[in-house]
Amino acid sequence: MALLELTDCSLTFGGLKAVSAFSFTLDAGQLVGLIGPNGAGKTTVFNLITGVYRPDRGEIRMQGQSIAGLPTFRINRSGIARTFQGIRLFPNMSVLDNVVVGANQHIARAPVAMLFRTAAFARHNAELHAQCMATLTLLGLAARAHEAAGTLSYGEQRRLEIARALATRPKLLLLDEPAAGMNPQEKVELMEQIRLIREKLQLGILIIEHDMKLIMKMCERITVLDHGETIAVGKPEQIQIDERVIKAYLGEPVAHDS
Amino acid sequence: MDQLLQQLINGLAWGAIYALIALGYTMVYGVLRLINFAHGDVYMVGAMMAYYLAHWLGFAVAPSTIGFVIVLTSSMLICGALGALIELVAYRPLRNRPRMSMLITAIGVSMLLEFGGQRVFGPDPKFFPQLIESRSLFKAGAVVLTNIDLLVICVSLFLMVVLRFIVLRTKIGLAVRAVSFSFETSSLMGINVNTVISVTFVIGSALAAAAGAMVGLRNPKIEPLMGVLPGVKAFVAAVLGGIGNFPGAVVGGLVMGVTETLVAAYFSSTYRDAVAFVILIVVLLVRPAGLFGKVTVEKV
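For the record, the sequence lines run as chains A and B. Under the numbering used here, read the first sequence as residues 2 to 259, first letter to last. Under the numbering used here, read the second sequence as residues 2 to 301, first letter to last.
Because the hints were derived from the structure by calculation, they are not lab data. From a predicted model like this one, the values you see are computed outputs, not experimental measurements. Hints should not be assumed to be uniformly reliable.
[To be verified] A few chain A residues that don't get close to chain B, going by computed Cβ distances all over 12 Å:
1. R58
2. N93
3. V102
4. Q106
5. T152
6. P171
7. E190
8. T231
9. G235
10. I242
11. R245
[Claimed, not checked] Quick list of simulated restraints, FRET-style, between CB atoms:
12. E238(A) / L169(B): 51 to 61 Å
13. P72(A) / S102(B): 21 to 31 Å
14. T13(A) / V163(B): 44 to 54 Å
15. K295(B) / F14(A): 33 to 43 Å
16. G141(A) / K295(B): 45 to 55 Å
17. F14(A) / V90(B): 28 to 38 Å
18. R288(B) / F14(A): 48 to 58 Å
19. G16(A) / R98(B): 20 to 30 Å
20. I247(A) / R288(B): 58 to 68 Å
21. V229(B) / H228(A): 54 to 64 Å
22. P185(A) / K295(B): 14 to 24 Å
23. W57(B) / T13(A): 54 to 64 Å
Here a beta-carbon is modelled for each residue, glycine too, at the ideal position from N, C-alpha and C.
I would like the entire structure built from these sequences, with the hints used as guidance.
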């Protein structure tokens with residue numbers, strides 16, 4: 002059974018077809034890229050999957066369960082976490098607290114234990130913090146755990162978004178332009194970190210990115226959108242030579258270096 | 002000198018009451034960006050509930066400290082539920098509408114409680130039973146510290162410490178802070194925003210109820226419109242401290258209480274109620290973001 006399955010999803014805003022008849026599957030442990038020119042509907046697909054928008058038509062299934070139309074926090078709890086194209090951290094909280102918010106629904110609901118600070122509660126809390134620190138270490142942010150999130154550099158904030166998403170213990174991670182605004186060195190580190198996360202946590206990852214070098218290197222499969230329509234699906238080497246993709250997006254038949 | 006000290010004690014007791022109400026304004030503003038004009042009336046309901054509970058449970062005829070504690074906590078629970086109900090019925094359906102709709106509804110809820118209160122409780126003032134007998138704990142010259150003043154200040158302080166603990170150290174507190182930054186992001190991180198907002202109303206309303214029940218001990222005359230003026234003043238206190246800011250609400254409340262009592266003592270009690278508005282105007286002119294508020298500079 003596929004981890005995520007979208008069948009024939011469509012969404013229109015007024016007269017504009019944002020996404021039309023989009024079908025897509027992703028299996029556990031797969032890393033798939035979603036590319037296309039600006040305004041092609043990539044982020045809209047993320048918004049459909051995470052429940053920000055509800056599809057006009059079509060079906061979205063997570064591990065066989067229909068999730069279209071559920072409130073966003075339920076979809077998150079079903080195992081889907083995301084990052085945002087524009088950074089949306091909680092800037093006044095510490096880096097660690099941002100991750101703890103992500104882990105929020107895994108904190109035991111025991112108000113009595115909390116009030117009386119029982120040993121079990123303390124142990125549980127220590128465990129939670131250790132897990133959150135481990136997640137931060139994975140993204141190379143452990144040293145900055147107690148700084149305010151708003152003071153981090155742009156690249157660090159992007160990585161913190163990934164850490165926060167991971168803290169919700171997803172089975173599927175959606176990354177919306179994780180490398181945007183990063184310098185080449187940071188991009189190399191990010192690729193290594195994503196690879197590590199995937200190996201360690203065995204998640205499915207769907208990634209939107211304009212950096213073609215990164216996409217072509219990392220993804221097993223790529224879906225290309227243009228004007229809300231799927232114009233190509235295939236392995237990186239197939240996508241690179243696909244006539245329609247070159248015309249709509251890549252521009253030239255050599256691997257694009259941005 | 003004696004008079005000054007005495008007025009400071011009175012001012013602090015009133016200030017603690019304002020601070021408790023102001024915290025509710027600030028909490029709700031933090032998550033919903035709404036000035037909950039009905040909040041002062043929840044304080045009135047808190048006093049009324051304490052009055053009826055004291056009579057029903059028999060503490061009015063047999064006063065005791067434990068009786069007061071029971072009355073106080075029950076009134077807080079009832080008003081907490083009332084706050085959640087108000088949010089559910091009046092504000093939740095309007096959450097995605099223009100903010101003005103919610104604000105006008107808040108005024109409507111306020112009037113409903115005031116005039117509904119006159120219908121249900123009767124428009125005539127009631128006399129709050131003396132649940133704890135007033136006696137002086139401390140006397141130096143003409144300065145008297147009564148046990149009631151001390152109780153009001155200590156209970157308020159205790160509730161503020163509990164609130165601080167909840168906001169900074171618990172799961173729900175973290176969720177409240179996340180939600181006050183962004184509904185959508187919080188929800189995408191698995192936080193149930195509706196629950197968090199309900200809890201905010203429960204806590205804020207319970208604090209107002211505590212203020213209402215304690216005011217009954219100091220100023221036993223209670224009536225359905227008693228929440229109007231303290232509500233406005235606590236709102237000013239919240240703005241003075243920087244709305245959305247918790248320590249700001251407490252400091253604002255204390256400043257409001259003390260200033261008001263001093264004005265009444267040294268100038269004229271006629272100007273007592275005007276002070277709040279003078280403070281509001283001055284704050285808005287000099288520090289629009291309040292004492293503790295951050296001035297945000299828009300980046301271009």
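Status of each hint after checking the structure:
The beta carbon of R58(A) sits about 23 Å from the closest Cβ of chain B, which is more than 12 Å, so the claim that it is off the interface holds. Listed as outside the interface, N93(A) is inconsistent with that label: its C-beta sits roughly 7 Å from the nearest C-beta of chain B, within the 12 Å cut-off. Not every CB of chain B lies more than 12 Å from the CB of V102(A), the least distance being 5 Å, so the non-interface label is violated. Remark: the non-interface label on Q106(A) conflicts with the geometry, its nearest Cβ contact in chain B lying 5 Å away (cut-off 12 Å).
No beta-carbon of chain B comes within 12 Å of the beta-carbon of T152(A); the shortest separation is about 15 Å. At roughly 10 Å, the least C-beta separation between P171(A) and chain B is not larger than 12 Å, which violates its mark as non-interface. Every CB of chain B is more than 12 Å from the CB of E190(A) (nearest about 24 Å), matching its label as outside the interface. Chain B leaves T231(A) outside its interface by the beta-carbon criterion, the shortest separation being 25 Å against a cut-off of 12 Å.
With 12 Å as the threshold on Cβ separation, the claim that G235(A) sits away from chain B holds: the shortest Cβ distance comes to roughly 30 Å. Every CB of chain B lies more than 12 Å from the CB of I242(A), the least distance being 37 Å, so the non-interface label holds. Look at R245(A): its CB is around 33 Å from the nearest CB on chain B, clear of 12 Å, so calling it non-interface holds up. At about 53 Å, the beta-carbon gap between E238(A) and L169(B) stays in the expected band of 51 to 61 Å.
Range check, P72(A) to S102(B): Cβ separation about 22 Å, and the 21 to 31 Å hint holds. Checked against the hint of 44 to 54 Å, the C-beta distance between T13(A) and V163(B) comes to roughly 50 Å, which is consistent with it. Range check, K295(B) to F14(A): Cβ separation about 36 Å, and the 33 to 43 Å hint holds. Checking the proposed 45 to 55 Å range against G141(A) and K295(B) shows it is violated: the Cβ atoms sit about 30 Å from each other.
A beta carbon spacing of about 32 Å between F14(A) and V90(B) agrees with the range 28 to 38 Å that was offered as a hint. For R288(B) and F14(A), the hinted distance range of 48 to 58 Å is not satisfied, since their beta carbons lie about 42 Å from each other. Between G16(A) and R98(B), the C-beta spacing of about 25 Å keeps the proposed range 20 to 30 Å intact. Checking the proposed 58 to 68 Å range against I247(A) and R288(B) shows it holds: the Cβ atoms sit about 59 Å from each other.
With their beta carbons about 58 Å apart, V229(B) and H228(A) fall inside the hinted range of 54 to 64 Å. At roughly 36 Å, the beta-carbon separation of P185(A) and K295(B) lies outside the given 14 to 24 Å, and the hint is violated. At roughly 59 Å, the beta carbons of W57(B) and T13(A) sit within the given window of 54 to 64 Å.
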